[in-house]
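Each residue of the sequence shown is one higher than the one before, counting from 2 in the working numbering.
Heads up, some of the hints might be wrong.
Pairs of lysine-lysine residues, derived as DSSO-like cross-links and limited to a Cα-Cα distance of at most 27 Å, are as follows [as the list claims (entries may be wrong)]: (1) K52 / K26; (2) K51 / K32; (3) K52 / K27; (4) K52 / K32; (5) K32 / K20.
Don't read these hints as lab results, they were simulated from the structure.
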Amino acid sequence: MDRRAWLATVHGVRHQTPKVAKQEKKMGRAKRHMQYNRSFVNIVPTFGKKKGPDVNSQILCNPGFL
């Protein structure tokens, strides 16, 4: 598959997905408060290595990840 055909398939998939408006995100003090809670307050104890902040996306995008 040459490069142009590959790009055409990429755009085909991109344009099939529905357009979703961006959500309003918290800024300033409220954002820092949310980050603190996510990092230190709402911790679920697990065994082994500490999991990163974006670990769920890896599991959802790659079903064979585990």
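Now for the hints, and whether the structure bears them out:
1. Distance restraint check for K52 and K26: the Cα-Cα separation of roughly 24 Å lies within the 27 Å cut-off, and the hinted pair is therefore satisfied.
2. Simply put, K51 and K32 have alpha-carbon atoms about 23 Å apart, close enough for the 27 Å limit, and the pair holds.
3. Using a Cα cut-off of 27 Å, the hinted pair K52 and K27 holds, with the two alpha carbons roughly 24 Å apart.
4. A distance of roughly 21 Å separates the Cα atoms of K52 and K32; the hinted pair therefore holds under the 27 Å criterion.
5. Between the alpha carbons of K32 and K20 the distance comes to roughly 26 Å, so the proposed pair stays at or under 27 Å and holds.
Checked against the numbered hints listed earlier, the structure breaks none of them; every hint is satisfied.
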